[in-house]
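Asker: The primary structure of each chain is shown beneath.
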Amino acid sequence: MSGIYLLNCWYVAAWASELAPGRHLRRVLLGEPVLLLRGQSGETAAIGNVCPHRFASLSDGKFENDVVECPYHGLRFAMSGQCVHNPHGDGKIPERAKVRSYPVAEKYGAIWIWPGDPEAADRGIIPDFSFLDVPIETERAGGHLRTDANYQLLTDNILDLSHADFVHTTTLSTGGDIARCQAKAQVDGEVVSVKWVFDGKGMVMNRSAENPVDVHTEFEVIWHAPGAMILKSASRPVEAETGVGHTRVAAHIMTPETDKSTHYFFDVADRRYLDRVTQIFEEEDGVMLEQIQRNMRGEDLWDLHPAILSSDRGAVLARRTLQRKIRHEQESQVDRASSPAESVEAEADAHVR
Amino acid sequence: MSGIYLLNCWYVAAWASELAPGRHLRRVLLGEPVLLLRGQSGETAAIGNVCPHRFASLSDGKFENDVVECPYHGLRFAMSGQCVHNPHGDGKIPERAKVRSYPVAEKYGAIWIWPGDPEAADRGIIPDFSFLDVPIETERAGGHLRTDANYQLLTDNILDLSHADFVHTTTLSTGGDIARCQAKAQVDGEVVSVKWVFDGKGMVMNRSAENPVDVHTEFEVIWHAPGAMILKSASRPVEAETGVGHTRVAAHIMTPETDKSTHYFFDVADRRYLDRVTQIFEEEDGVMLEQIQRNMRGEDLWDLHPAILSSDRGAVLARRTLQRKIRHEQESQVDRASSPAESVEAEADAHVR
Amino acid sequence: MSGIYLLNCWYVAAWASELAPGRHLRRVLLGEPVLLLRGQSGETAAIGNVCPHRFASLSDGKFENDVVECPYHGLRFAMSGQCVHNPHGDGKIPERAKVRSYPVAEKYGAIWIWPGDPEAADRGIIPDFSFLDVPIETERAGGHLRTDANYQLLTDNILDLSHADFVHTTTLSTGGDIARCQAKAQVDGEVVSVKWVFDGKGMVMNRSAENPVDVHTEFEVIWHAPGAMILKSASRPVEAETGVGHTRVAAHIMTPETDKSTHYFFDVADRRYLDRVTQIFEEEDGVMLEQIQRNMRGEDLWDLHPAILSSDRGAVLARRTLQRKIRHEQESQVDRASSPAESVEAEADAHVR
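Residue numbers (this note's numbering), protein chains in the order written: chain A, 5 to 357; chain B, 5 to 357; chain C, 5 to 357.
Derived from the structure by calculation, the hints contain no laboratory data. One or more of the hints may lead you astray.
Computed list of lysine to aspartate or glutamate pairs in EDC-like fashion (alpha-carbon distance at most 20 Å, straight line) [said to hold, decoys possible]:
#1 C/Lys188 with A/Asp94
#2 B/Lys96 with A/Asp181
#3 B/Lys188 with C/Asp137
#4 C/Lys111 with C/Asp137
Sample of chain B residues lacking proximity to chain A, with all beta carbon distances greater than 10 Å (derived) [to be verified]:
#5 Glu47
#6 His77
#7 Asp94
#8 Asp121
#9 Asp137
#10 Arg150
#11 His172
#12 Phe202
#13 Pro241
#14 Gln283
#15 His309
#16 Ser314
#17 Arg323
Where is the CB? At the ideal position from N, CA and C, for every residue including glycine.
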């Protein structure tokens, strides 16, 4: 996985509910084909999805008794990535017959993957999304979308909620209230948070209602590198007697599929909203972000010299934090020599004397 | 816009009739996304189509009261390209919040754009297409097509009308007459013209008629760099008593969309022919030129060492004239330093102290 | 044609039956557009498919009386590639008006093409496929498929028949017998052969039958560089009284279309099997090989450090033999200076004085 990503960190690879016992799931993550596996007894694993023999996709093979079989020549791999069966000739298992294994963690209803140094994988640093720890089938609403735009465009989008007033004019807009209010952005260690506080005409959590009242609203987005965000929203009538308040906590988690596409995992707290949020994102944010990706023509944001608005504070802080972490990681990385081609040749020689 | 194009010259961006008052029109020209605007009172403008804040396409935003609003975060831009409204926080307009403005001219029923140095934009050098100055709705017939081929392949095509005998065998062919007659090509200053004069069996302006007579025909193509061409045609019976003559003046104007695709603006003098000419070009020339573009695999014509026929004279003269003008322009161009990245960083700094 | 291919050798360009007298056929071979021609009297030729004047595809022009006419400006070319008619002006034929001619040979029911030095084209070195010399319409069954994978992946596939047990589980599988038996691979001069010999439950040539018996099977694949293979199969009941034996000889010939796609010519000896084999290849091998091509991301097999199994012996030997031949050819190649651009310019000058 390339130097453009932060590697020593946890990324959401899937919602836990996407992977039933005995099933496997192909997913491209950080540009690499990954095979997610859940064994018979429920434990999860993530291995490379390409067979080291002739490069077939293991996801097209059978997964039985916690062993995946390559669909081309039948090599079988355990959930550790180690080849455990060679059906050819004397059945000897060649040294190279193993696929990469990624540390995984199942936590907060999600399967997290660690693309960096396995020795450094610390499950304790997964950011706290414990509000998701409720039975997902009954209450919460995990969604997954693919967008053809870089993941930082998707994190920027959530870190600047003011876009709702322009992109979501008929759905989530506050009629200019979010944009007008001066968002407060700050960094606390490596966590960026942005807060919007404003009063406006509307209904509590429902601006399009027929009898709007004066509503006090607070939004907070909390970002953890590289793209895991919590969105807290609270609104209540300014005058208490006109109704009760609402609070909600949602998850918006971006995992790069490639440098030009993103897996967007979201959980909007209430499964009744899943379809609506999915539709809004696909038709409004998704269309916008994919067009921006094309308009940027593969250039880095900073190289395009963007005009910066006050509403960009959170996004700028998050990008800088992430950039610093990636730079730091790359500087401290020990160059590991990759296996020299000569040894493959030697292995081939052994067979063709 | 890249050095492969002549910049200090006028290109047709649209027919005037394509843009009603209060409307905007997205068009890629010379590889750049451009937004054409016509204000309430009829005046036209052309600005970059990508918002300098977050690179959304302005063409997807509203255009009201001569102001276009970015659909992502609501920055508003005047027809000059200057940001005139920032709905965020204190509303201060950042220095970078402006998009490029192109000189435009509305003349001869077309909107012309000048992609080069604005100081040098001289409306007096627009080539004379005054024959188009008739009410387009009633008499003339402006068409617009996109072709996935380099614009010089399209100008070559018109500069060698002999292709009609082979490409348009059932529509515009003269049965070999144009090919056989020796075309006269010449340069007058920077204007290339090619003339074909021949007698042949046919009908005046209609070769496929049932009772052909001996017809005298003259064609002339007049090319102005980089791709604005006038095609004059005249035909009359060789023996005066068999009927009356016809003359016609048509416009064939090629504007690069990218280096691999072209906007083809044509006006065939009589709106009754518009559909037929559109169909002939799409099904015959267009198919041929797109295939040639693929067969050339991105190589320059001269690098492919083409065989040169006598019928290529006009095209060779036009290509050389254009090549000389581009070389001259590039040599005299003063390198302008682009805005240094540091100032963006500084601007970002101002927001994230 | 690029240095990635062996050039001084014969490739199958088409089955002879694909080209009737007076017909032409466009085919991309080794990355180059080629036009196959069969004259009125039955002789075949192969020339470049791109007109040297303006790069139109000759395959879109008429082919009459053994002369092909360019569809753009009417230049006519003989089957030798020489321009024989210029309909323009004085009709003089420019020196550059010729297209490349390739040596061809019609042998064993196929049209073979030699992309290398024409002087070196020796029809005597076409590998012996004389078993194909039967009336193709009545008995044999020549098929042609295109696959979006490098031709060496297709030769590897045939050189390791063990894939049948995993890829063709419901069609050609031996239930693991081929994989288990130790294939014997050897090089004899520059010809690689692989042999599988095994006993197993089944029916002679039909493993899925209801009353399987003990069957003795022998397979042999014989490879000639770069991709012409003969597959001999023989099977008979282990106990002679339970039925009679079968033998069959099939052709599997791979010709690169480009470095990422292949023409697959096959002849499975019995035309009744043509549709079935076509379907099996398209749905099973073809899907697998195209996915592997994508999974390899344009990298060379050896650079990916594959695990090598005993069943890879034949493929490894064939790849090494081919690699050695290509290297040898490149080292002995005399650099020929290509025509200097100046002379085109001079030719153009002659027309635009």
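Asker: With reference to the structure, classify each hint as holding or not holding.
Answerer: Against the structure, the hints:
1. Taking the CA atoms of C/Lys188 and A/Asp94, the gap is near 13 Å; set against the 20 Å cutoff, the hint holds.
2. Taken as a hint, the B/Lys96 and A/Asp181 pair is honoured in the structure, with Cα atoms around 17 Å apart against an allowance of 20 Å.
3. Only pairs whose Cα atoms come within 20 Å are accepted, and B/Lys188 paired with C/Asp137 is rejected, the gap being roughly 58 Å.
4. Among the hinted pairs, C/Lys111 with C/Asp137 is consistent with the structure: their alpha-carbon atoms are about 8 Å apart, no more than 20 Å.
5. A cut-off of 10 Å between C-beta atoms confirms that B/Glu47 is not in contact with chain A; the least separation is 26 Å.
6. Here B/His77 does not stay apart from chain A, with its beta-carbon only about 6 Å from theirs, under the 10 Å limit.
7. For B/Asp94, the condition that its CB be more than 10 Å from all CB atoms of chain A is violated, with the nearest at approximately 7 Å.
8. Interface exclusion of B/Asp121 from chain A stands, the closest Cβ pair being 21 Å apart, more than 10 Å.
9. Every CB of chain A lies more than 10 Å from the CB of B/Asp137, the least distance being 37 Å, so the non-interface label holds.
10. The beta carbon of B/Arg150 sits about 18 Å from the closest Cβ of chain A, which is more than 10 Å, so the claim that it is off the interface holds.
11. Every beta carbon of chain A lies more than 10 Å from that of B/His172, the smallest distance being close to 37 Å; the non-interface claim holds.
12. Listed as outside the interface, B/Phe202 is consistent with that label: its C-beta sits roughly 49 Å from the nearest C-beta of chain A, beyond the 10 Å cut-off.
13. For B/Pro241, the condition that its CB be more than 10 Å from all CB atoms of chain A holds, with the nearest at approximately 57 Å.
14. At roughly 32 Å from the closest C-beta of chain A, the C-beta of B/Gln283 stays outside 10 Å, upholding its exclusion from the interface.
15. Remark: the non-interface label on B/His309 is consistent with the geometry, its nearest Cβ contact in chain A lying 33 Å away (cut-off 10 Å).
16. No Cβ of chain A approaches the Cβ of B/Ser314 within 10 Å, the least distance being about 43 Å, so the stated non-interface status holds.
17. Annotated as non-interface, B/Arg323 keeps its C-beta farther than 10 Å from every C-beta of chain A; the closest such distance is 29 Å.
Checked against the numbered hints listed earlier, the structure breaks hints 3, 6 and 7; every other hint is satisfied.
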